[in-house]
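Based on the hints, put chain S in the right spot on chain W.
Each chain, written out:
There are 2 protein chains.
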Amino acid sequence: MDKSSVVHFARDQFLYSSSLESITIMIMAKKGDIAKMELLHGDPYDFEGPKWIHENIEMRSTGSDELYDYYRQTIRLPHLRARYAFRLTDHDGKVTYFTEKGFYEELPEVGLLFALPYLHHTEVFSAPEWVKDTVWYQIFPERFANGNKDLDPEGALEWGSAEPTPENFFGGDLEGVIDHLDYLKELGITGIYFTPVFHAFSNHKYDTIDYLEIDPQFGTKETLKKLVEEAHNRGIKVMLDAVFNHSGYHFKPFQDLLQNGKDSKYKDWFHPHSLPLDEQNLNYDTFGYVSSMPKLNTKNPEVKDYLLTVAKYWVEECGIDGWRLDVANEVDFDFWRSFRKTVKNEKEDAYILGEIWHDSMPWLRGDQFDAVMNYPFLTAILEMFREETLEPSRFAEKMTKVYHMYPHTVNKAAFNLVGSHDTPRILTECQGDIAKVKQIYTILLTFTGTPCIYYGDEIALDGDQDPGCRKCMPWNEEEQNRDMFAHVQRLIALRKDNPVLANEGDLLFVHIDPEVVMYKRESDEADAYILINLSDNEKELSSEEWQASELLYADSET
Amino acid sequence: MDKSSVVHFARDQFLYSSSLESITIMIMAKKGDIAKMELLHGDPYDFEGPKWIHENIEMRSTGSDELYDYYRQTIRLPHLRARYAFRLTDHDGKVTYFTEKGFYEELPEVGLLFALPYLHHTEVFSAPEWVKDTVWYQIFPERFANGNKDLDPEGALEWGSAEPTPENFFGGDLEGVIDHLDYLKELGITGIYFTPVFHAFSNHKYDTIDYLEIDPQFGTKETLKKLVEEAHNRGIKVMLDAVFNHSGYHFKPFQDLLQNGKDSKYKDWFHPHSLPLDEQNLNYDTFGYVSSMPKLNTKNPEVKDYLLTVAKYWVEECGIDGWRLDVANEVDFDFWRSFRKTVKNEKEDAYILGEIWHDSMPWLRGDQFDAVMNYPFLTAILEMFREETLEPSRFAEKMTKVYHMYPHTVNKAAFNLVGSHDTPRILTECQGDIAKVKQIYTILLTFTGTPCIYYGDEIALDGDQDPGCRKCMPWNEEEQNRDMFAHVQRLIALRKDNPVLANEGDLLFVHIDPEVVMYKRESDEADAYILINLSDNEKELSSEEWQASELLYADSET
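First to last, the sequence lines map onto chains W and S. Everything in the first sequence is counted per the numbering used here, starting at 1 for the first residue and increasing by one. Everything in the second sequence is counted per the numbering used here, starting at 1 for the first residue and increasing by one.
Pulled out of the complex, with its shape left as it was, chain W reads as follows (with noise of 0.2 Å):
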């Protein structure tokens, strides 16, 4: 046995809280090295005599990658307290205990083991209920539909008239998208993602000049209640993007900051080296070495609150019911911690997503984040469609390893996507080959997470990096490829009558042929088994398992 191999940490992915009473814990080994892994658990305060009271409890293999073995197990703590060892037998029966304090021969005393020593109920990790259920739509408003043309601003374009660039305008706003709710409704979908909506200067509206006003292009307060309103009467949640990090080259205090240098009384809004601003030689921190994205100082208390007023203002305001974050990772956790507090105070179950692109967890412990945005998901299924690099065994690897960086609660939040307005559209990325996009579509909603689906993927609509992906609904039915729709339309009303297709479910992935994506949702209600062929040709696959199940759908394209 590799002794150096054996990983656990009593915290973050190897340790959470799957329940106010109870935790799950995760261990890795060394792939095929373990045959037998036991976690001996009991209450630290639990003796009869000498002798600590504790239970014996096998793990639950809960998947490989390239390296390691992956064990899960959840235990009840009735008094919310454990210590805690494994008991690790080799394939020579060989048997040996890692604690805290490194590996014995016998089970040391219990001040040796691992140790969670309370579970408070602040500290755990629970993302609103609802979410897990959710199947989100992003929409990027300047693009999705024009609903009063008197808002467009100067010089904007007909409606689908030119390819997109980085400064055209379309005229796509907020009564555009309750004009198409009951498109979305009849999709299926039941929350919208809204890439930024208040008052900027560019068409994605990231570069943010007034926080608390609606861009004028896009409507006003009232059309975003309303919007707010018959989404929610349709059972469709909402949420908005706000960019934190840094503020817009328009936003008030810059230019105040720019034109009055050391006399401005916003100097402690940004983080200047020196004064005035030069924004040649760029003296001041900035989003990437962008200078018209001046990095916010979250530090400063009146940045603080005026932040915060503005992330329960929407909320009290408009009734939104969550908050998407750009550039989350950059901005800092006291601030989350704060930002936290304040949006769920004035909701309770309100979603808070943080765009992070790398290992997430010091975000996702409870106290900041309700879910990341699942880049790694997206790149994997890249990966696969599109570079065809990785088999379907390398792929289940990729997330195995991906769900392994998480408590299984996280991933159960995780915000699941497939492209977005920063990624070449999925159709272009495989090429124009619409069954690929079908497959991966199959694979996005029968995954732990909550699925995301691009605006306008569900139509078949292609584009190249931004600004290609950017290109405007076509509405008319004739441009929209339909059988793509009802292949999108199925799969959510599978996963919303199938609970194990959405996150009452484990996945476990099973190889059964190289060419073959195959796992396996499995609750104790009902298991399901998904099923996807890369190769062009029909494959006949028999399992005496699966093969007497009920077939809920199948897709010759896919």
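A couple of the hints might just be wrong.
Pairs count within a copy or across copies, as identical chains cannot be separated in the list.
Straight-line distance between alpha carbons at most 25 Å, and here's what the computed SDA-like set of lysine to any residue pairs gives [as the list claims (entries may be wrong)]:
(1) Lys-51 x Thr-286
(2) Lys-265 x His-121
(3) Lys-221 x Asp-349
(4) Lys-304 x Thr-286
(5) Lys-347 x Glu-229
(6) Lys-299 x Leu-15
(7) Lys-267 x Thr-122
(8) Lys-101 x Thr-389
(9) Lys-412 x Ala-10
(10) Lys-295 x Pro-78
(11) Lys-341 x Leu-119
(12) Lys-30 x Leu-15
(13) Lys-31 x Ala-10
Bear in mind the hints are in silico, worked out from the structure with no lab data behind them. Just so we're clear, the structure is a prediction, and the values are computed from it rather than from any experiment.
Below, chain S without anything else, positioned relative to chain W:
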């Protein structure tokens, strides 16, 4: 190379800020597996065309334990952000790159590397500057000195006239401490850690009755104020002990709840499962299973406010310099975060020390504690000296493991102890072998971390597990081992005169003899070697390196 034994996460002990503009990165790999460990790092946004600009620096080997080699390196971040990967070369010259997403033969695109998105000053762990040079002295007030006979509780015994029991009293008080501040000054200590002084029932005062009053047996607020002033005049800091996890049985809110059950306005101050409280069947949360130690509900804003008022009060009112927090691991993070803000707001350089016996990383991320009590140090010392089961090389491995469980910035503030009111005295652990105790104190006072002397150890007081370890301090010099006093005094002076022996220096173990503990403290200014001969025989040891050094101190007994 065993890839599954390479362990790194972009957080905690593996990635931490070592100053406001630099970070330290740590990685561990299977012992003996890696010929060369390099760090590739750069700003995430630095490109020349498609090429990512990065630097390459070799990682410093910082020790080994039984299973792993550890490596650390510190890098400056001009823009406070970094992406990085490791370049590992094995003994056959084979190179592999280790990133957040796994292992690669070539360095993959920057988005797959480990990330530090932005180094926020609010997230920099920084214990107060004075702490790392402090030598602590722990006082159990009821047994240190009786300065005012008028305050003696009823039935108090003559000083030192009897063995300590769980119930007896000898009349120790705060005036007694004031009377002996010059003694402490002569010894050389620079901080006093007091076990609780608030109004309580028992002789140890951990069962608080009133957090806002000094125990009448010990004196008044005026006495404490005077003590702090007199201590400060002598360059001595004062730290008090607080029990915020649970109250004492006689705490008024608990008595109210006991008496009034459902009608008590204090029912949310604790964790009753049902009411009325049932002390026999324990239908409420407690410390361990002790019915007289009811757990406080720190999630209740009233309780939180009350305890934070306490936290602030003693800093503001009496000028204390720090808090030691009893059973700190069983109180929620959110409370400790507020506690830190409250205390630091009152006194920026106050010290916050948590009592935690197990892996304490989650409390040491900069948002909660400045240090925890280093019990693993005590355990390793005892295994080597008392049980003689730990060879110097294994001692080195154990301490190396402990020092890589935390950021090095944390290690420098760790509270090192070789005994306390909760453990047998070190002299008793060593079965009266004063030579061993002198060796142990030599290690304690030349080690990374801040050492604490348990009152009386410096004059070779003995005593078994409590109550035995809580004897009255003998003030008659004939009852004191003055040779031991001189030894400790000399070591403290050496530590003060040679910052490399305190926390200016790194610590590296050197193995030259199986019966000799040897380590090197090294800094830019100076190096120092510490040698401890565990055998009964004289040893001739030679090393070019250290033989050339000046001898600072030698003791034939040690």
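Verification of the supplied hints:
When the C-alpha separation of Lys-51 and Thr-286 is checked against a cutoff of 25 Å, the pair qualifies only between copies, where the shortest distance is 21 Å, while the shortest distance within a copy is 59 Å. Only between protomers do Lys-265 and His-121 lie at most 25 Å apart by alpha-carbon distance; the minimum there is 22 Å, versus 41 Å within a single protomer. Taking CA atoms no more than 25 Å apart as the test, Lys-221 paired with Asp-349 passes inside one copy only; the shortest distance there is 22 Å, against 47 Å between copies. In this assembly of identical chains, the alpha carbons of Lys-304 and Thr-286 lie at most 25 Å apart only when taken from the same copy (18 Å versus 38 Å across copies).
When the C-alpha separation of Lys-347 and Glu-229 is checked against a cutoff of 25 Å, the pair qualifies only within one copy, where the shortest distance is 16 Å, while the shortest distance between copies is 50 Å. For the homomeric pair Lys-299 and Leu-15, the shortest alpha-carbon distance between copies (22 Å) is at most 25 Å, but the shortest distance inside one copy (31 Å) is not. When the C-alpha separation of Lys-267 and Thr-122 is checked against a cutoff of 25 Å, the pair qualifies only between copies, where the shortest distance is 19 Å, while the shortest distance within a copy is 36 Å. For a Cα distance limit of 25 Å, the shortest separation of Lys-101 from Thr-389 across copies, 16 Å, qualifies, whereas the shortest one inside one copy, 42 Å, does not.
With identical chains, the CA atoms of Lys-412 and Ala-10 are at most 25 Å apart both within one copy (21 Å) and between copies (23 Å). Taking identical chains as interchangeable, the C-alpha atoms of Lys-295 and Pro-78 lie at most 25 Å apart only when they sit on different chains, with a minimum of 15 Å there against 47 Å within one chain. For the homomeric pair Lys-341 and Leu-119, the shortest alpha-carbon distances inside one copy (20 Å) and between copies (23 Å) are both at most 25 Å. When the C-alpha separation of Lys-30 and Leu-15 is checked against a cutoff of 25 Å, the pair qualifies both within a copy, at 19 Å, and between copies, at 24 Å.
For a Cα distance limit of 25 Å, the shortest separation of Lys-31 from Ala-10 qualifies both inside one copy, at 21 Å, and across copies, at 23 Å.
Consistency note: the structure conflicts with none of the earlier hints.
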